[in-house]
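Colleague: Below are the chains, spelled out letter by letter.
Protein chains: 6
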Amino acid sequence: MYYTDGKLQYPVRVESPNPVFARMLQQAIGGIEGEIRVALQYFFQAWGNRGPVKYRDMLLSTTTEEIAHIEMLSTAVALNLEGAPPALQEEAVRQDPALAAFLGGMNMKNFLSAGLAAMPVDSDGVPFDCSHVYASGNIAGDMYANATAEATGRTLATRLWEFTDDPGMKDMLSFLIARDTMHQQQWLAVIEELCGYEGVLPVPNSFPQDEENQEVNYTFIDTRIGDDVQPLEGRFTSGPSLDGNSEFSHEFAAPFGEKPVLGPPAPEAFAQEQQIEGAPDAATPES
Amino acid sequence: MYYTDGKLQYPVRVESPNPVFARMLQQAIGGIEGEIRVALQYFFQAWGNRGPVKYRDMLLSTTTEEIAHIEMLSTAVALNLEGAPPALQEEAVRQDPALAAFLGGMNMKNFLSAGLAAMPVDSDGVPFDCSHVYASGNIAGDMYANATAEATGRTLATRLWEFTDDPGMKDMLSFLIARDTMHQQQWLAVIEELCGYEGVLPVPNSFPQDEENQEVNYTFIDTRIGDDVQPLEGRFTSGPSLDGNSEFSHEFAAPFGEKPVLGPPAPEAFAQEQQIEGAPDAATPES
Amino acid sequence: MYYTDGKLQYPVRVESPNPVFARMLQQAIGGIEGEIRVALQYFFQAWGNRGPVKYRDMLLSTTTEEIAHIEMLSTAVALNLEGAPPALQEEAVRQDPALAAFLGGMNMKNFLSAGLAAMPVDSDGVPFDCSHVYASGNIAGDMYANATAEATGRTLATRLWEFTDDPGMKDMLSFLIARDTMHQQQWLAVIEELCGYEGVLPVPNSFPQDEENQEVNYTFIDTRIGDDVQPLEGRFTSGPSLDGNSEFSHEFAAPFGEKPVLGPPAPEAFAQEQQIEGAPDAATPES
Amino acid sequence: MYYTDGKLQYPVRVESPNPVFARMLQQAIGGIEGEIRVALQYFFQAWGNRGPVKYRDMLLSTTTEEIAHIEMLSTAVALNLEGAPPALQEEAVRQDPALAAFLGGMNMKNFLSAGLAAMPVDSDGVPFDCSHVYASGNIAGDMYANATAEATGRTLATRLWEFTDDPGMKDMLSFLIARDTMHQQQWLAVIEELCGYEGVLPVPNSFPQDEENQEVNYTFIDTRIGDDVQPLEGRFTSGPSLDGNSEFSHEFAAPFGEKPVLGPPAPEAFAQEQQIEGAPDAATPES
Amino acid sequence: MYYTDGKLQYPVRVESPNPVFARMLQQAIGGIEGEIRVALQYFFQAWGNRGPVKYRDMLLSTTTEEIAHIEMLSTAVALNLEGAPPALQEEAVRQDPALAAFLGGMNMKNFLSAGLAAMPVDSDGVPFDCSHVYASGNIAGDMYANATAEATGRTLATRLWEFTDDPGMKDMLSFLIARDTMHQQQWLAVIEELCGYEGVLPVPNSFPQDEENQEVNYTFIDTRIGDDVQPLEGRFTSGPSLDGNSEFSHEFAAPFGEKPVLGPPAPEAFAQEQQIEGAPDAATPES
Amino acid sequence: MYYTDGKLQYPVRVESPNPVFARMLQQAIGGIEGEIRVALQYFFQAWGNRGPVKYRDMLLSTTTEEIAHIEMLSTAVALNLEGAPPALQEEAVRQDPALAAFLGGMNMKNFLSAGLAAMPVDSDGVPFDCSHVYASGNIAGDMYANATAEATGRTLATRLWEFTDDPGMKDMLSFLIARDTMHQQQWLAVIEELCGYEGVLPVPNSFPQDEENQEVNYTFIDTRIGDDVQPLEGRFTSGPSLDGNSEFSHEFAAPFGEKPVLGPPAPEAFAQEQQIEGAPDAATPES
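Residue numbers (this note's numbering), protein chains in the order written: chain A, 219 to 505; chain B, 219 to 505; chain Z, 219 to 505; chain F, 219 to 505; chain H, 219 to 505; chain R, 219 to 505.
Among these hints, one or two may not hold up.
In this list, chains with the same sequence are indistinguishable; a pair is considered to hold if it fits within one copy or across any two.
Unchecked claim - Below, a list of computed lysine-lysine pairs in the DSBU-like style, where the Cα atoms sit at most 35 Å apart:
#: 1; residue 1: K272; residue 2: K477
#: 2; residue 1: K388; residue 2: K225
#: 3; residue 1: K477; residue 2: K225
#: 4; residue 1: K477; residue 2: K388
#: 5; residue 1: K225; residue 2: K272
Just so you know, the hints here were simulated from the structure itself, not pulled from any lab data.
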């Protein structure tokens, strides 16, 4: 069960309300790198947890914190919308370019659909959809997904911090940026704790690796062509593989297969007659 | 520019066409952990590349390979749909439970909308949408996103491998699983090559870290309550942080802020009258 | 069957075309509280009608009216787009802030994709999707859904009315607001006519109510915590229930269940090895 | 802030795991009438609350309860997936029709993408999207939206209850059905408490009603045609209006406007030449 | 305005209700090639009509007919759902494979969310979204879009016709297939009437064609590579162009441009430090 | 397999970066008439090809070219974003209306989520979704879909050309417009080559046409009503049909069917009691 004390995790104040910044903050609420995503992602990882029970507790702790972050950001959006332009009067716009910027740059739906409040949408008013909730049941894959979410989330927060000069907003973002710092560490620490970086690769590590094709599993395939193409060189083209299981190699791409040829159109699928007549007789996916 | 030789990267053959497995393979094409996603993700990371040019080449190489993977899987779907039930005859179903399973388990759209061919949808017929293309402009965030994609992608491929006993399909999947092994390594190798694991955190590392709130950036916040709650212990609650910049600590959650109170409804947003009358006078987000 | 006389239900005229207002009107066409939604919602409720046939006729009447409303709004969008800025000339923008507002605030897709006409999208260009068409087959649930649609729709229309000072637009909106007044009444009147407010609750009223858990069906559960928390008091915490079947009560939240523990990862789902080893032995969802 | 004790609100047990029922339960998690929707809807209504503060507390209480409901249902899905068919062996299917039904009827993504766990999707694997979160800023509109959500939610729960004969599932659903009973009452009680049913209509009641068109605001418009059409009769065609402000009346539909004629295509929008030549000269939306 | 007589355009009867076929019919309602799409597409083309007024009338006529088609199909879905399995009893399934097929193959949402009625979704339960409504404002582009919709729509209808052996369904589909025959002709006839096939290309024909690059506008670019590649030959590689304005030619692909190099990461976008240091100095999109 | 030389198909240069034009270019990348759509559409048509193999080659050639177009446009977006406003300083906005226009008119996500790079979204930030990939398996339907895509694509490109006065952008668009000219021809040439315009209709032409209802397959149905309605006249109401198989005719609409009446609500779907009692006894879809 879940409980609330109704208080903000960290104070939210806005000195100069700015409806364009309200719109930008929406990205941190309902964008794919935003807080709704991480809250739901950690919830579903916890509820589907089939491994060390300790990580269920850890995930539930952080996801309840993330709800508090949505709450902070939603409050920030509402405060930035105070005094947003209530009408489109051409004369007023003509005399105040900032009003023109606000009119063009704020999100009308925050007014039209929400009455000057936050919505679960991104900075373009696109609603968040839950296909972005990654919970694969493989803890390493999920921890990388979480690190990604916190990395793109912190990147977003720093860009918002750069954009505003409102001290209240900078203070709130400084708090959120700090939490993203911790959360990045936290998810990667699970990998270190559970199996170490060498033990985690390849994900999943419970599949018998000798079943995978042994000729291409540590080979960088280079598809570039041209008279002056040199093989790409990097950590990923030679030397020991990161998991210590093999050596990296480099190859220019060449097909192992042939042109696929599907069978003729199924009569009951009603292709064009000429298409049916012109079709090869049999499904011969390779010659 | 891009070129093709029209051949499959690796041979695709199906000994026993199975329309239910065709449906499952769709997840590897148009699912969020599928090949359309990685192909487009690497393309947009390459095209927006604003860092070492070498990684643009690397990304373009791998993305052109991923297109070949969609091609292989699309061919596999079409071959598994050969001979799919063309009609729903109750008598035939009554006499053959396998036919019943096929009818229920295949995706009708592969027949109705595509004439027995693959589509850019997942195993439930949900179309892929490009919000899943992560290209943040921060190379570390993007490499974690890529590692995630290959980790969830390889997990999916191993589940498909487990599900089928068709030798052709097992062979194809063995190839794709091997490539996912390499690709996981490849993206993490960029991080090692570019900055090392210690140098990469926190992402982004170009933000001045002293601007972030120093009291919570290495603290695990534990929101669990209950009479018998003990502090969670793990790699993430004590000891040096992964980036070497600080020490982890643990705290039970407590609010830094107060209950937020927004201003009264804007008259022009037309809330209910009683709601307006009952509203507090001023926006006082914290007391 | 359906027929048309090609005429507008009510005159639409625009004295001062305004492309930003055109964008706002899109919310009333393709927003979730817009006219496409109600038109399709009433259609599907009518076509799936399995109750008094009279309501099929009523629904079909109002839905054909709603199509006329989309037509009016689409005409209004097109007229507001007359003379929208055809080009982005920096010098012109520099000299006319209103042009800047228009450039920023109009929806480019109305020009780029529709050639200065309306589209079935909301004010942010997000297309309407038909998951918003509620037709549950339970007439009380559907009538509440319809009342909701007309309530949010009328709220939207009043906000648009407030925003514009074009007399033609105010006149058109005055008509639409009036129709929303009627439609709110109409759907609630069905509830009154069919079963009265007491007879309608709980929805559905055809489920045997003694099958539902009798200890929590009229209890307000209060999840707030804190040293100074007092029980919430209101019409919903004491006194007779609205349906007259019971008395309201108040309780602070406490779990009836225990921590859930799922079984170990299925081998064929390929979780991480360490995760499998660390998992509890059996699915024991509660202790 | 939010807190958790990690326990289920109500025990969840499954005697006979059934992967088809797992799929159906997904509708109660990620369907439009499901628990993710109500949880997020009440959160955003609370966070955007600009009226009596009491309702912010009430909304937060119930939304934290709804999270516990998602948790219960997610646990139920996972338990129903225990022992789901791990492979598609034609011989086994031939001998066991129930296996055929399971193969066809379970959602493959619960295995392929989630490793036998719940996902934030509906029973067809369609992800929940947050456009379904209604929070208009008008408390009456929002309360009707909430009543709708609980009415369709309870209808769904009763259909699930009817479908299963697992005693554990029936017990859990009996609890959830009871909570939906209370929640329906709760939201309607706000309307009664705040303004009474007569005071609430039309929503919003803060718009000056004399600005709306007085000739059509209490008139049922009947668009049916045919030789034998009689005027529809009902509570909504005569007698006092529900809000007591007027009398209902009935009219057969007739247009107030004329055929709209838009201006010629804008040259810069590049319509077809013949289309431009054939166009009328001026925008004359009505004759 | 729009009117209805409440009658079906063509009789709909179902001799043997079949819930799997109900699911398939959903594709013709809410699929991208279904009837909701054409109805809304023709509506928006009509309402945005800025050319010969005659085509507004024509479009409105056909779109009102299309609503009648949705109505027929929705009725057919409901009739096919009569008697759908109300419960999942393992014993019954074991004894009746057809029941297994129905359980697996029907769409649960038609029961769970709609109470055994049609929904505005496709055969996988994916809701229709209005981005599929093409109305570009260019009449030739729109007529091709309409011809496409009727071509894919008729293809779908013939596949449904092939799948069923219910005489009532075959009769209804025979009617719909015939209407698609007419509608294909109708939209192409507009092109013939307005400008003839030669006059219509390239679409739009109002753009000054000498502004387009003259070296590649009638050249087939062949991107295939390989030792044995021969130039593709066809109507599109030599001879007069279809519009009579030029001659077709063939070329193997070669780039006109160079590798693009973007400028260094913007400091305020917070890329990784190493990425910034490794970046080239200036935006030089081509060398 | 696919290969790249890393070069742009055609040079991309921007003389005056303009973030509003960057936003507009996004429509040509991720809009429904944009380049991602055609690239994926031609890919899936090629991979599902079950007809003359020649068309597989042709499709693969053009789709690899389309990837190069996305690359050009993505480069153009990035170059137009150089120097986009990094902060929202009210004073600066007050003094520069063009800055106001940029702030309002640029897409914030290009900065916030992508670090000043292109994204696979349209000009409103709505992500492309793959339901727009038409590949029906009927070559005529697909060629019309392709012609539509190139017609709406060319229309979009000409509108972009009209909007900008940057010589580099005009040059790039002139190239893309020319390619759209060719591609329109190309797809229509397949129809001419394969069956001629007369042979292609109705699509699909492999369905036995005598199975379709012969009374309505060449009849224009006119649903307009009114005292002064005259029959619509045009190429589509009289004279030989385009396919030469029949004569066009005109009819005013009249129903062939009756009002549908569904059966009573299924008890297990839990409609309202009053609704069940008021329902007719039997499913009688027509009288």
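Colleague: Which holds for K477 with K225 at a C-alpha limit of 35 Å: within a copy, between copies, both or neither?
Modeller: Result: close only across copies, 4 Å inter versus 63 Å intra.
Colleague: Between K477 and K388, at a C-alpha cutoff of 35 Å, which is it: within one copy, between copies, both, or neither?
Modeller: Between copies only: 20 Å across chains, 58 Å inside a chain, cut-off 35 Å.
Colleague: If the cut is 35 Å between Cα atoms, do K225 and K272 qualify within a copy, between copies, both or neither?
Modeller: both (27 Å within a copy, 14 Å between copies)
Colleague: Could you place K388 and K225 in one of the four classes (within, between, both, neither) given a Cα distance threshold of 35 Å?
Modeller: Intra 20 Å, inter 37 Å, cutoff 35 Å: intra-copy only.
Colleague: First find the shortest C-alpha distance between K272 and K477 inside one copy, then the shortest across copies, and answer within, between, both or neither for a cut-off of 35 Å.
Modeller: Between copies, since 12 Å is at most 35 Å while 51 Å is not.
The structure agrees with every numbered hint stated previously.
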